[in-house]
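From just these sequences and the hints, can you work out the full model?
If you want our numbering, it's the position in the sequence shown, counting the first as 1, plus 1.
Hints are computed from structural coordinates only; laboratory data are not their basis. Check before you lean on any hint, since a few could be wrong.
Heads up, simulated DMTMM-like pairs for lysine to aspartate or glutamate below, C-alpha to C-alpha not over 20 Å straight-line [said to hold, decoys possible]:
#	residue 1	residue 2
1	Lys460	Asp520
2	Lys65	Asp90
3	Lys167	Asp357
4	Lys264	Glu298
5	Lys70	Glu523
6	Lys158	Asp357
7	Lys29	Glu395
8	Lys70	Asp60
9	Lys275	Asp303
10	Lys178	Asp152
11	Lys83	Glu62
12	Lys508	Glu523
13	Lys275	Asp256
14	Lys83	Glu351
15	Lys264	Asp329
16	Lys29	Asp134
17	Lys167	Asp189
18	Lys178	Glu40
19	Lys271	Asp289
20	Lys65	Glu78
21	Lys70	Asp531
22	Lys39	Asp177
23	Lys460	Glu523
Now the in silico label distances, taken between C-beta atoms and shown as ranges [unchecked claim]:
#	residue 1	residue 2	range
24	Arg157	Pro522	35 to 45 Å
25	Arg7	Asp433	28 to 38 Å
26	Val456	Thr332	27 to 37 Å
Think of the CB as a built atom: it goes at the ideal place given N, C-alpha and C, for glycine as much as any other residue.
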Amino acid sequence: MSSVLRSSDFLVVGGGISGLLFALEASKLGNVRILAKKELTEGNTPWAQGGIAAHQIDDLEAHKRDTLKAGAGLCREFAVEKLLGTAPDSIALLRKYGVNFEPHLGLEGGHSARRIHHVQDQTGKAIHAALIDSIRANKNIEVVENCIAIDLIIDRKVDPWRFHSKPQCLGVYALDKKTNRVATYVADEIILATGGAGKVYLYTSNWEGATGDGIAMAYRAGCRVSNLEFMQFHPTCLFHRESRNFLITEALRGDGAILIDHKGNAFAKKYHEKAELAPRDIVARAIDAEIKKSRAECVYLDARHLGSQFLEEHYPQMFSRCLELGIDIRTEPIPVVPAAHYLCGGVLCEPDGTTDVSHLYVLGESACTGLHGANRLASNSLLECAAMAQLCVETIRSRFGGAAKNAEDSSDKAALRKLIRPWQSPAVRDDDELIVITHMWNEVRHLMSNYVGIVRSNKRLERAHQRLVNLLNEVKSYYDNLAIHPHIIELRNITLVAHLTILCARKRKESRGIHYNIDWPETKPARARDSIV
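Dropping the structure here:
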């Protein structure tokens, strides 16, 4: 399987809001290549329904307070200040690229004021479509679709005699899924914007490509990861056999929808004074408790009292999708369950995406900036994605703007690129083994859902850890001995991310935010620190 060398100024791995917005802004500085795992139109961004939290002129301090409160003592205040402070500019930039936000602001759980900029219940879809239109029209940006990254190329692996203090990223090996050929992509700056890792769990609101690729690759390259134990479970994912990852937006609860059990009784008030508008971790645990107590498969979100016209006008995507599945939200409640939704941890980095590896930046859900702490405030995620993209471009512009420095840097990189070896992989492909790989994938997801889910214990974490260690070795054997294949790449990544998640969870000897351990039920001020691996 031969490897072709392709170079660019900037290489973006991922096609969501972070990667696309970075590409558009970076295209003013040089040429950009985007590697999209599937079609550019796919990903988590178009599934985001709620919106972007961005303060008004006199609302920054209140937005900060809401964010810090949700973060349960683990937010890094510098990151909160920097990223939230960028919010108005992010909204303005998205408007410039064609996003037409609604004139009225939305309210979501945990927010003390209306500050959610949205486009009906299709905010992510609207943003993604607008950015893609701008990308397609930009001659300085090349998009490579159906291309899955395998691993980062690090200078120390290319030249073992380099012992400087910080490793340097040179590029990425990636598999073209249509031609089944591996290409070597090199660039001056490499940006990982691959999204989260919801597919590590059995039930998730994420798209099928959310396998933690960026986190796994960055860790293997020498980056630290942090706070992976904080997987946010969205309280209301549609419960239906034919649609296991359709999100019922939190905005619906903001507009007055009520959670009821299988007998029609409202229950959210029993768990928190804000009921349906309590922080997500509290609502998710409440639903989990009700399901386990009643032994029902799900609970229900009742929006019938909001009226047919309101539901059809304000939630057209949700209304039409539910109707396709035989659920008329105008006349019946919506069956819902909690599902893995958003990873608050990730690759340890600064608000501009700077990591432990030179020339490697991580943006969006793959990153852990400290904005979210132990629990994300609703609609701060798209904000973080947009703000990080802007800050990353600003950093690159200022840090590498000097001609002399660029010349020296380019000379070093040119020498290193000559040492990069073509990708080598066994030619053996055994389709029967792909069936085993699918079983291993399902085992990882069942293991994480059963032992590392909404409620955890020391014994469950220990059992999961022991099995994951064995699985890692089994996966490595397949990876080393079979021809490269997308299923093997993703299995390798989700198994590593699952293992790292357990390591982070075992480090935390307390319950905090969305991490709840029945053996350590209290939150301890002395343990208000990041879990770093």
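Evaluation of the provided hints:
For the hint linking Lys460 to Asp520, the alpha-carbon distance of about 9 Å falls within 20 Å, and the restraint holds. A threshold of 20 Å between alpha carbons decides the hint, and for Lys65 with Asp90 the separation of about 17 Å falls inside it, so the pair holds. For the suggested pair Lys167 and Asp357, the alpha carbons sit about 7 Å apart, so the restraint of at most 20 Å is met. Restraint check: the Cα-Cα separation between Lys264 and Glu298 comes to about 13 Å, which is no more than 20 Å; the hinted pair holds.
The straight-line distance between the Cα atoms of Lys70 and Glu523 is roughly 17 Å, inside the 20 Å bound, and the hint therefore holds. For a cut-off of 20 Å, the pair hint linking Lys158 to Asp357 stands: about 16 Å separates their Cα positions. Restraint check: the Cα-Cα separation between Lys29 and Glu395 comes to about 11 Å, which is no more than 20 Å; the hinted pair holds. Note on Lys70 and Asp60: the hinted pairing holds, with a Cα-Cα distance of about 15 Å set against a maximum of 20 Å.
At most 20 Å may separate the alpha-carbon atoms for a hinted pair to count; Lys275 and Asp303 meet this at roughly 17 Å. Between Lys178 and Asp152 the alpha-carbon distance is near 15 Å, which keeps this suggested pair within the 20 Å criterion. Distance hint between Lys83 and Glu62 is fulfilled; the C-alpha atoms sit about 12 Å from each other, no more than 20 Å. Under the criterion of a C-alpha separation no larger than 20 Å, the hint pairing Lys508 with Glu523 is consistent with the structure, at around 15 Å.
At roughly 13 Å between alpha-carbon atoms, Lys275 and Asp256 fall within 20 Å of each other, so this suggested pair holds. The hinted pair formed by Lys83 and Glu351 meets the criterion: a straight-line CA distance of about 10 Å does not exceed 20 Å. Of the pairs offered as hints, the one joining Lys264 and Asp329 holds, with about 19 Å between alpha carbons and a cut-off of 20 Å not exceeded. Taking the CA atoms of Lys29 and Asp134, the gap is near 17 Å; set against the 20 Å cutoff, the hint holds.
Restraint check for Lys167 and Asp189: the C-alpha separation of about 16 Å stays at or below 20 Å, so the hint holds. Between Lys178 and Glu40 the alpha-carbon distance is near 11 Å, which keeps this suggested pair within the 20 Å criterion. Straight-line distance between C-alpha atoms of Lys271 and Asp289 comes to about 14 Å, which keeps the hinted pair within the 20 Å bound. In summary, the hint linking Lys65 to Glu78 is supported, as the alpha carbons are separated by about 9 Å, within the 20 Å threshold.
Annotation: proposed proximity of Lys70 to Asp531 holds, straight-line Cα distance about 16 Å (limit 20 Å). For the hint pairing Lys39 with Asp177, the CA-to-CA distance comes to about 10 Å; that is within 20 Å, so the pair holds. Note on Lys460 and Glu523: the hinted pairing holds, with a Cα-Cα distance of about 18 Å set against a maximum of 20 Å. A C-beta distance of roughly 43 Å is found between Arg157 and Pro522, which places it inside the suggested range of 35 to 45 Å.
A C-beta distance of roughly 34 Å is found between Arg7 and Asp433, which places it inside the suggested range of 28 to 38 Å. Judged by the Cβ atoms, the range 27 to 37 Å given for Val456 and Thr332 holds: they are separated by roughly 34 Å.
The structure shown violates none of the earlier numbered hints.
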